[in-house]
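Asker: Since chain W is already given, all that's left is putting chain U on it; use the hints.
Protein chains: 2
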Amino acid sequence: MKYMFKLILIISTILLFADSSFASSKRVHWRMALSWPSTLTPLANPPIKLAKLVKKMTNGKFVIKVEGAEKTKSALGVFDMVKGGAYQMDHTGSYYYIGKDPNTVWFTTVPWGMTKAEQDAWYYYGNGMKYMEKVYGKYGMLAFPGGNTGVQMGGWFKKEINTVNDLKGLKMRIPGFAGKVMARLGVNVVNIPGGELYTSLDRGTIDALEWVGPGMDIKMGFYKVAPYYYTGWHEPASEMTFLINKKAYNKLPKNYQVILKTAMRAVSADMFMENFADSATAWAKIKKEYPGIKVETFPKPVLKAMKKATDEVMQSYASKNPLFKEIWNDQKAFMAKARKWSYMSRYYYLQASKEVQ
Amino acid sequence: MKYMFKLILIISTILLFADSSFASSKRVHWRMALSWPSTLTPLANPPIKLAKLVKKMTNGKFVIKVEGAEKTKSALGVFDMVKGGAYQMDHTGSYYYIGKDPNTVWFTTVPWGMTKAEQDAWYYYGNGMKYMEKVYGKYGMLAFPGGNTGVQMGGWFKKEINTVNDLKGLKMRIPGFAGKVMARLGVNVVNIPGGELYTSLDRGTIDALEWVGPGMDIKMGFYKVAPYYYTGWHEPASEMTFLINKKAYNKLPKNYQVILKTAMRAVSADMFMENFADSATAWAKIKKEYPGIKVETFPKPVLKAMKKATDEVMQSYASKNPLFKEIWNDQKAFMAKARKWSYMSRYYYLQASKEVQ
Numbered sequence: 004m005k006y007m008f009k010l011i012l013i014i015s016t017i018l019l020f021a022d023s024s025f026a027s028s029k030r031v032h033w034r035m036a037l038s039w040p041s042t043l044t045p046l047a048n049p050p051i052k053l054a055k056l057v058k059k060m061t062n063g064k065f066v067i068k069v070e071g072a073e074k075t076k077s078a079l080g081v082f083d084m085v086k087g088g089a090y091q092m093d094h095t096g097s098y099y100y101i102g103k104d105p106n107t108v109w110f111t112t113v114p115w116g117m118t119k120a121e122q123d124a125w126y127y128y129g130n131g132m133k134y135m136e137k138v139y140g141k142y143g144m145l146a147f148p149g150g151n152t153g154v155q156m157g158g159w160f161k162k163e164i165n166t167v168n169d170l171k172g173l174k175m176r177i178p179g180f181a182g183k184v185m186a187r188l189g190v191n192v193v194n195i196p197g198g199e200l201y202t203s204l205d206r207g208t209i210d211a212l213e214w215v216g217p218g219m220d221i222k223m224g225f226y227k228v229a230p231y232y233y234t235g236w237h238e239p240a241s242e243m244t245f246l247i248n249k250k251a252y253n254k255l256p257k258n259y260q261v262i263l264k265t266a267m268r269a270v271s272a273d274m275f276m277e278n279f280a281d282s283a284t285a286w287a288k289i290k291k292e293y294p295g296i297k298v299e300t301f302p303k304p305v306l307k308a309m310k311k312a313t314d315e316v317m318q319s320y321a322s323k324n325p326l327f328k329e330i331w332n333d334q335k336a337f338m339a340k341a342r343k344w345s346y347m348s349r350y351y352y353l354q355a356s357k358e359v360q
Numbered sequence: 004m005k006y007m008f009k010l011i012l013i014i015s016t017i018l019l020f021a022d023s024s025f026a027s028s029k030r031v032h033w034r035m036a037l038s039w040p041s042t043l044t045p046l047a048n049p050p051i052k053l054a055k056l057v058k059k060m061t062n063g064k065f066v067i068k069v070e071g072a073e074k075t076k077s078a079l080g081v082f083d084m085v086k087g088g089a090y091q092m093d094h095t096g097s098y099y100y101i102g103k104d105p106n107t108v109w110f111t112t113v114p115w116g117m118t119k120a121e122q123d124a125w126y127y128y129g130n131g132m133k134y135m136e137k138v139y140g141k142y143g144m145l146a147f148p149g150g151n152t153g154v155q156m157g158g159w160f161k162k163e164i165n166t167v168n169d170l171k172g173l174k175m176r177i178p179g180f181a182g183k184v185m186a187r188l189g190v191n192v193v194n195i196p197g198g199e200l201y202t203s204l205d206r207g208t209i210d211a212l213e214w215v216g217p218g219m220d221i222k223m224g225f226y227k228v229a230p231y232y233y234t235g236w237h238e239p240a241s242e243m244t245f246l247i248n249k250k251a252y253n254k255l256p257k258n259y260q261v262i263l264k265t266a267m268r269a270v271s272a273d274m275f276m277e278n279f280a281d282s283a284t285a286w287a288k289i290k291k292e293y294p295g296i297k298v299e300t301f302p303k304p305v306l307k308a309m310k311k312a313t314d315e316v317m318q319s320y321a322s323k324n325p326l327f328k329e330i331w332n333d334q335k336a337f338m339a340k341a342r343k344w345s346y347m348s349r350y351y352y353l354q355a356s357k358e359v360q
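Protein chains in written order, with this note's numbering: chain W, 4 to 360; chain U, 4 to 360.
Honestly, I wouldn't trust all of these hints.
[Said to hold, decoys possible] Below, in silico cross-link-like pairs of lysine to aspartate or glutamate (EDC-like), each with a Cα-Cα straight-line distance of 16 Å or less:
| no. | chain 1 | residue 1 | chain 2 | residue 2 |
| --- | --- | --- | --- | --- |
| 1 | W | K343 | U | E358 |
| 2 | U | K227 | U | E199 |
| 3 | U | K310 | W | E358 |
| 4 | W | K343 | U | E299 |
| 5 | W | K340 | U | E292 |
| 6 | U | K55 | U | E70 |
Honestly, the hints are just simulated from the structure, not real lab data.
Bound-form chain W, shown alone (with noise of 0.2 Å):
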């Protein structure tokens, strides 16, 4: 009996040993909803690849199943899948949400707003991450940035645009706050699902529409069926975001916490990256094949306008809510400091490079 005691204590020793190390290795099952199908690279890349690290990075702990728009059938209705808990976190675009929250609108881009270097800074070195946690905690969600596709372009017009005038009961698919701001200057905007796109744009039932950039807009083929194709302005740097819901985050070990967390900067990261060299291999390719495609910019009073009706735009939801005035207000204090930085930097290196070509 007297082994026994001993043999008791040692095992007792052991259980306890082994739990201590088994709270940092607890089994998670997590399910993450797209507002995009899983096949839709590189939107998709994030949230794919961060299962595969987490997972990896716990030895098979903590295992978050990702599941695209094909089985949630919901594009939008994710945010409300992880605020009430069906789904412990998504991969989306904060601005769907316009109309939940106006607020939601900061966290992706917004016409003429920061680059992807300024809407990065200011979201870890000001307030960004503050007013991200403010305006989601609302609704028991954390959010995080979640991979951006960096300028947007303008979008394939079928003719030139040279004045103003020229937008007036122009057809264009634009949709969301920047359809907003092109409604005002009399354009008829219209809301067509990306899949009937370019029958629509071939047949003239649309004018013109925006996507993505090159990366992405190639694998629709509108450059087969409108010649003209602006540079951005409207969506300088489309930030994805990971919506979390909170109490099962709070449930996590908190080194599952960081490990999650780190997962999601590193992927982020890398999805500008995967865009922007799928952008300039598509945009050699299309120029290859349809040599006499036409990169311009909207004329300089076109400019004028699109910014003067931005800024009426935001006016309209800054005066409704005080909320939104703030975040407003705190992005254009931070970008009158970084644009200064932006073109004495890369800017003026890109111009100069022009030079000595």
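Answerer: Just chain U, lined up with the frame of chain W:
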């Protein structure tokens, strides 16, 4: 005795189970040497943040002790310390080792080279990581991007540079590859320790110097003694580097390898954001304190001369080193595509933004 056997069986099972769990939470102690003092932010932040994240992600099991240059006493000795295994990893600048191996320059930045976005795309979606592995593999090391300063400024000048002739005899602190380029243009390239730079510039011992950008330059006080701040050409996207002893890396449990790699990507992305924000804030402060400071871009003939001299220095390495030539060509081919997209996206966006002000 029957109970004894059962107990031994139970203990063995527990031990086995515990062991499989312990394999993934093995205690590992590493040391990381920095090429800079651990107080030199933001350069020293990626390694410091990396160590914190890795520790948290492994519940304190994988500990990386960070030792700055104040401890190692050898900024450039870290290469050999990691190669030899005295340290498992370091945080350094790849181009410091141009004397050991000219191909190390490709992983930091080169004059007239890629922007940060272009370079990131080359690393992860071009041949960058492949070449990095090839170059550092020879020394038994793995190498990873470790944070970027973005475009570095062309430097602080006491007098304006109006012609190529103004460069002749100019005493300037500009080390490395860019120094070789400037020397070809007649610049008297001098090497002065960081601590003596301010006094040297103030007293006219040197006429000009380059450091980093507003965020780091402000701490050196150069703006108080030189009124011309030239825009960048020689370090368009200086990337720091993590070097890792390959044998040490291979001994890590698989999940620690993924944890380390993921954390490196997260902290690298973060440093660029921090430096960007720092530079925006510092520049606003400098301009407020010294409103007379002029941001200048070198005149076109000077830029062209710098480009020509850069190509000549490149050629001199390429003619002796086939791998140098191969990587040069690879970067040129990647840039040819990527630069077009840079102009179409961010350059034109920044240009349009100027026009609507």
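Asker: If a hint holds in the structure, say so; if it doesn't, say that too.
Answerer: Quick rundown of the hints versus the structure:
1. W:K343 - U:E358: holds (14 Å)
2. U:K227 - U:E199: holds (15 Å)
3. U:K310 - W:E358: holds (10 Å)
4. W:K343 - U:E299: holds (14 Å)
5. W:K340 - U:E292: holds (15 Å)
6. U:K55 - U:E70: Given pair K55 of chain U, E70 of chain U holds - Cα atoms ~14 Å apart, limit 16 Å.
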